[in-house]
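Engineer: Generate coordinates for the entire structure from the input sequences, incorporating the hints supplied.
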Amino acid sequence: MSNSKILANGVDVYYGSKQALFGISMDIKEKEVTALIGPSGCGKSTFLRCINRMNDLIEICKVSGSIKVDNEEIISEKTDVVSLRSKIGMVFQKPNPFPKSIFDNVAYGPTIHGLVDSKNELEEIVHSSLKKAGLFDEVKDRLNEPGTSLSGGQQQRLCIARAIAVNPEIILMDEPCSALDPIATAIIEELIDELRLNYTIIIVTHSMQQAARVSQKTCFFHLGELIETGETNKIFTNPDNTKTQDYITGRFG
Amino acid sequence: MNNSIAKEKIISLRKKRSLEDMRFKYYGFTAMCLSLAVLVFLLYTIFSKGYTAFQKTIVLLEVDYNQEVLKLTPDSSDEDMEKGKFFRVKKQAIENFFPDLSKSDIKLVKKLFSTNVDKEIKDYFLDNPEVINTKQQIWVTAHSDVDQLLKGNSRRDVPEDRRKLNDIQLSYVDQLVEENRVKQVFNNFFFTKADSRHPEIAGVAGSFMGSLFTLFTVFILSFPIAIGASVYLEEFAPKNRITELIEVNISNLAAVPSIVFGLLGLGVLLNVFGLPRSTPLVGGSVLALMTLPTIIIACRASLKAVPPSIKEGALAVGATKTQAVFHHVVPLALPGTLTGTIIGLAQALGETAPLIMIGMIAFIPNIPTGLTEPSAALPVQIYLWVESAERGFQEKSAAAIMVILIFLFMMNAIAVFLRNRFERKW
Amino acid sequence: MFFWSLVLIAVGIFSSFIYGRSRIKLNSKKQGTKSKSLPNYYAQYVLMWCLFPALIVYFSWAIFQEQIIQNIVISNFEFIEGAVYNEGLLLAEIRNVANNPSFADGKSIEIINAASHYSSLRQISQISFYTSIIIIMLLGALYASQKLKPEFHAQHTIEKYIQYILIFCSSVAIFTTIGIVFSLIFESLRFFAEVSIFEFLFSTEWYPFIPIREGQTAAEGSFGAVPIFAGTFLVMVVAMCVAVPLGLLTAIYLAEYASQRVRKIVKPLLEILAGIPTIVYGFFAFVSVAPFVKAFGQSIGIDASPTSALAAGMVMGVMIIPFISSLSDDVINSVPQSLREASLGIGANKAETIKKVILPAALPGIVGAFLLAISRAIGETMIVVVAAGTAPNLTGNPFENVTTVTVQIVVALIGDQEFDNPRTLSAFALGLVLFVITLFLNIIALQIVKRYRERYE
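Chains as they are written, first to last, in this note's numbering: chain A, 1 to 253; chain B, 1 to 426; chain C, 1 to 457.
For the record, the hints were derived by calculation from the structure and aren't laboratory data. Note that the coordinates shown come from a computational prediction; the quantities given were computed from them, not determined experimentally. Every residue, glycine too, gets a C-beta built ideally from N, C-alpha and C. Be careful, since some hints might not be right.
Quick list of in silico lysine-lysine cross-link-like pairs, PhoX-like style, CA-CA up to 20 Å [stated by the list, open to error]:
#, chain 1, residue 1, chain 2, residue 2
1, B, K16, C, K356
2, C, K147, A, K87
3, B, K122, B, K110
Not close to chain B: a few residues of chain C, all C-beta gaps over 10 Å, as computed [unchecked claim]:
#, residue
4, P53
5, H117
6, I134
7, L189
8, V237
9, K294
10, G301
Some chain B residues flagged as far from chain A (calculated, every beta-carbon gap over 12 Å) [said to hold, decoys possible]:
#, residue
11, L13
12, D21
13, P74
14, N128
15, V182
16, N252
17, G274
18, P276
19, R277
20, P331
21, G370
Structural biologist: Laid out in structure tokens, this is it:
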């Protein structure tokens with residue numbers, strides 16, 4: 001068994017007085033794809049955003065409990081959010097490229113973190129990130145065109161390249177395919193499968209087929225609670241919990 | 001039976017009601033048309049009163065550049081030429097303007113010419129020194145009274161004692177017209193000269209430059225401060241009482257009468273800090289404080305319009321909040337901010353009262369060249385000319401209004417252009 | 001001085017940036033560790049320490065130099081026994097002579113001496129200004145360069161500084177308000193030290209003439225502001241009589257009857273009306289409306305004065321039309337569509353719907369708009385200065401000459417401003433009244449509008 005990369009223990013999240021997550025505990029292994037599934041509003045995105053502290057942006061949001069990344073507590077005042085986020089990349093539901101050129105989109109992260117010393121190095125990182133995201137061949141002749149000129153699927157891969165460029169260890173994906181057509185979705189799913197070799201990936205999805213296709217582990221959330229977690233094969237064929245059973249057979253959600 | 005009566009009643013009532021409806025609609029329509037009619041009438045008034053100011057009247061004068069009279073020789077140096085006795089040449093020219101003039105007539109003739117004529121005679125000579133000892137026919141500027149008479153702005157059928165020109169002078173003017181010794185040409189003075197006591201040589205160049213310098217100051221001060229304030233309030237400010245206080249302050253400042261800002265400038269900037277009076281620096285500072293709320297409100301709106309997903313994208317690759325805001329949000333909000341700023345500047349351009357308070361109402365007969373030099377501003381210049389008793393200034397004030405309206409129109413056009421060109425819809 | 005000092009500061013900024021950048025690269029190379037932040041942040045750090053102290057010195061010099069020099073010159077001036085001096089005129093004369101030696105002809109020896117004293121002081125001030133700017137920039141850079149170590153997290157510090165700058169920008173609004181309140185109250189207190197507040201608020205005699213020379217008692221001023229308040233009120237009422245029906249009916253027509261095309265054309269035209277500078281309205285009132293009012297008055301047998309409350313008020317009303325119509329338009333549009341449909345659904349026609357349903361529903365918002373318009377009308381200056389006159393008449397006759405608060409402020413401050421007489425100071429007392437009333441109106445109006453908005457959201 002590989003090492004655990006992320007260890008969550010008793011995570012509670014409140015939006016104002018409303019509790020959104022109830023004591024989530026979870027163990028995420030290195031270099032695996034973990035899928036978070038569940039009906040909408042069940043808290044899976046909320047949990048995902050705890051891992052790179054994106055919830056800090058919402059003023060009324062309070063997080064308690066413990067999440068350890070590489071055995072380091074991140075739910076704490078002392079955590080350096082910036083270096084945490086450079087270690088944990090994130091891809092959002094809707095592709096959100098910066099309204100800048102394709103090159104600048106990918107180059108932004110390495111530049112602000114000072115990962116490169118010369119223009120050549122920067123170019124190298126941008127090219128390799130685009131290659132890893134499977135986008136390089138499509139855009140290599142128009143790196144100076146705005147990122148917003150790409151198609152939806154390409155934009156999403158650009159966002160993945162942008163996340164990869166800062167050399168993270170973990171990539172969080174918040175329903176990365178929900179705004180895409182089936183063909184683009186298939187390409188992204190393939191990409192996720194390749195990325196698994198180098199990165200720990202957590203993906204939130206509302207599509208059970210997608211979870212089944214891309215993930216090794218699956219966690220089922222319901223009404224802010226983690227109902228069941230386990231090998232994807234097991235969850236989809238023989239879940240322990242009846243709620244999970246009901247959900248994957250389409251009785252609710 | 002009862003039923004049919006009721007029906008009839010309803011039908012007749014319905015007619016009345018629909019008539020009422022029509023009437024109400026026409027009230028609204030009339031009100032709208034009236035408002036627009038006033039606008040048209042206003043613009044018409046300005047144009048009809050002002051277009052004559054773009055022409056000036058010039059008179060053909062025969063000048064004898066006699067070297068004895070000038071006290072110069074053909075070999076005089078340039079410096080000596082400057083000191084030539086041109087006023088004597090002018091005196092002579094006027095004495096011979098009409099044949100056989102008596103002493104009292106000469107006085108009357110002299111009043112047909114602008115005080116600027118001396119300078120024009122001199123300039124002509126300095127440009128063409130070879131004309132020494134020759135007689136030259138020069139077109140020189142006529143006095144404002146002649147100008148106004150020929151433009152039809154002052155009437156000749158009022159009694160003589162209520163006219164600027166008496167009967168003899170009128171006959172002179174008529175004679176000039178008959179002999180084609182007077183004509184109207186484009187008034188270059190209006191665009192190249194500053195204010196003057198004499199309407200015929202008064203122009204808007206001084207006040208225009210003053211307004212430009214003032215607007216420059218407003219821009220330099222208000223644009224960065226407005227951006228700073230809006231970025232703080234929109235992106236960083238914690239929700240607490242101090243932030244609330246700032247917000248209340250801004251919305252109240254937006255409604256404080258402009259004249260009160262003038263009092264602030266007088267009481268604080270001039271009296272406490274001792275900044276130089278009547279200068280674009282002080283005027284611009286006061287107007288900057290006045291337009292700040294307008295610009296901040298526009299700025300915040302365009303910051304708000306940038307979708308949060310852009311900021312999230314930056315944060316997710318590990319940018320700090322400051323980096324995310326200044327690298328991504330602010331540049332995207334810039335066109336909207338600039339549009340708001342230009343609209344604020346347009347508002348500042350038309351403001352008069354605060355500038356009067358800080359002394360930009362002084363009579364400034366030369367064109368300012370810096371921020372700390374006393375100068376006028378366009379709207380104050382208009383006020384000075386409107387208030388002036390001299391008839392010749394009225395057309396000048398209307399023409400200056402045209403200048404300021406065109407200026408405003410261009411600023412708004414730029415703002416609209418910027419908005420259409422750069423503002424993206426998300 | 002203005003230009004060259006800016007050049008000097010610019011050079012300082014540039015070189016400190018370059019210095020900071022190369023220094024940190026060198027230091028981290030020496031220690032063999034990567035610096036915690038990007039080199040640019042260290043450069044910015046040095047730059048800020050170089051720039052801001054220099055700017056503080058620059059501005060304090062610009063503000064206080066002239067004052068201090070003048071004080072020294074005046075205190076060293078050899079006053080001649082018995083002669084009476086006006087300090088302001090004297091200073092102007094000294095400055096003129098100093099700036100332009102050709103003016104020295106015929107001036108007294110004291111003035112010429114003072115002028116040369118003035119010039120030499122200016123020279124000293126200039127030299128010390130440049131040296132102190134250079135020294136302060138060097139000191140700042142020196143302090144900052146001590147921190148240029150790879151383990152120093154420059155980015156954190158820079159971001160903290162940026163926060164301070166942003167907070168400063170936001171508090172300019174507060175400083176402005178404090179400045180307004182401070183200057184109005186301070187000068188008003190000086191005014192009320194000489195004129196009783198009861199006389200100011202309740203007496204009906206406004207003759208702000210003060211003795212010109214000492215010992216001249218013939219023209220003792222009296223400062224009863226009631227006629228001014230009355231005049232302001234009269235002009236405001238006339239303006240509202242014009243603006244309210246026209247503005248409101250226009251808004252109703254645009255919101256409820258007009259086609260999309262008409263709206264698209266008319267709204268920008270109304271915005272033009274709103275964007276015209278007030279002095280232009282003043283010109284219009286003076287040149288077109290006032291003569292018309294006078295002629296009209298004569299035709300119905302009233303002797304109208306060439307400037308009148310009616311002329312000024314009517315034009316002011318026109319100025320306010322777009323203000324009222326756009327605010328009312330917003331308010332009417334925010335009445336929920338369901339109310340409209342309910343009324344039309346039981347067979348009411350449009351006029352009835354507007355009068356019985358929409359206007360009552362929108363009433364608070366419209367009242368708020370009217371209050372804002374009133375506050376605008378009271379604070380408006382240029383139209384009344386040009387077209388209403390300056391005579392403090394206590395009258396209800398709109399054909400007569402009246403005066404307003406804003407006009408009296410302008411009148412009191414045009415010409416020479418000696419801050420030791422109540423005539424000049426009265427401007428600040430009037431300004432205080434104006435400020436308090438408009439602020440009050442605005443707060444109420446904004447409250448009403450806010451509560452109205454909340455109701456339909």
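Engineer: If I take the minimum Cβ distance from B:G274 to any residue of chain A, is it greater than 12 Å?
Structural biologist: Correct as stated: the minimum Cβ-Cβ distance to chain A is 45 Å, above 12 Å.
Engineer: A cut-off of 12 Å on Cβ-Cβ distance, and B:P331 was said to be off the interface with chain A. Does that hold?
Structural biologist: Label violated. Min Cβ-Cβ 9 Å, cutoff 12 Å.
Engineer: With 12 Å as the threshold, tell me whether B:N252 passes as away from chain A on beta-carbon distances.
Structural biologist: Since the minimum Cβ distance to chain A is about 26 Å, B:N252 lies beyond 12 Å and the statement holds.
Engineer: With d taken as the least Cβ-Cβ distance between C:P53 and chain B, does d exceed 10 Å?
Structural biologist: holds (19 Å)
Engineer: Say whether it holds or is violated: B:P276 keeps its Cβ farther than 12 Å from all Cβ of chain A.
Structural biologist: Nearest chain A Cβ is 45 Å from B:P276, so the label holds.
Engineer: Any Cβ of chain A at or closer than 12 Å to B:R277, or is the non-interface label fine?
Structural biologist: Correct as stated: the minimum Cβ-Cβ distance to chain A is 48 Å, above 12 Å.
Engineer: Should the label of B:D21 as a non-interface residue stand, given a Cβ cut-off of 12 Å to chain A?
Structural biologist: Per Cβ check, B:D21 is outside 12 Å of chain A; nearest 49 Å; holds.
Engineer: Run the C-beta distances from C:L189 to all of chain B and say if the shortest one exceeds 10 Å.
Structural biologist: holds (12 Å)
Engineer: Decide, holds or violated, for the assertion that all CB atoms of chain B are farther than 10 Å from the CB of C:G301.
Structural biologist: With a cut-off of 10 Å, C:G301 remains clear of chain B, as the shortest Cβ separation is near 25 Å.
Engineer: Run the C-beta distances from B:G370 to all of chain A and say if the shortest one exceeds 12 Å.
Structural biologist: Given that every Cβ of chain A is farther than 12 Å from that of B:G370, nearest at about 40 Å, it holds.
Engineer: Find the nearest Cβ of chain A to the Cβ of B:N128 and say whether that gap is larger than 12 Å.
Structural biologist: Consistent with the label, B:N128 stays out of reach of chain A, its closest Cβ about 61 Å off (over 12 Å).
Engineer: Checking a non-interface call: every C-beta of chain B should be farther than 10 Å from the C-beta of C:V237. Is that right?
Structural biologist: C:V237 is indeed farther than 10 Å from all Cβ atoms of chain B, at 18 Å.
Violated hints, in rising order: 2 and 20; the structure is consistent with all others.
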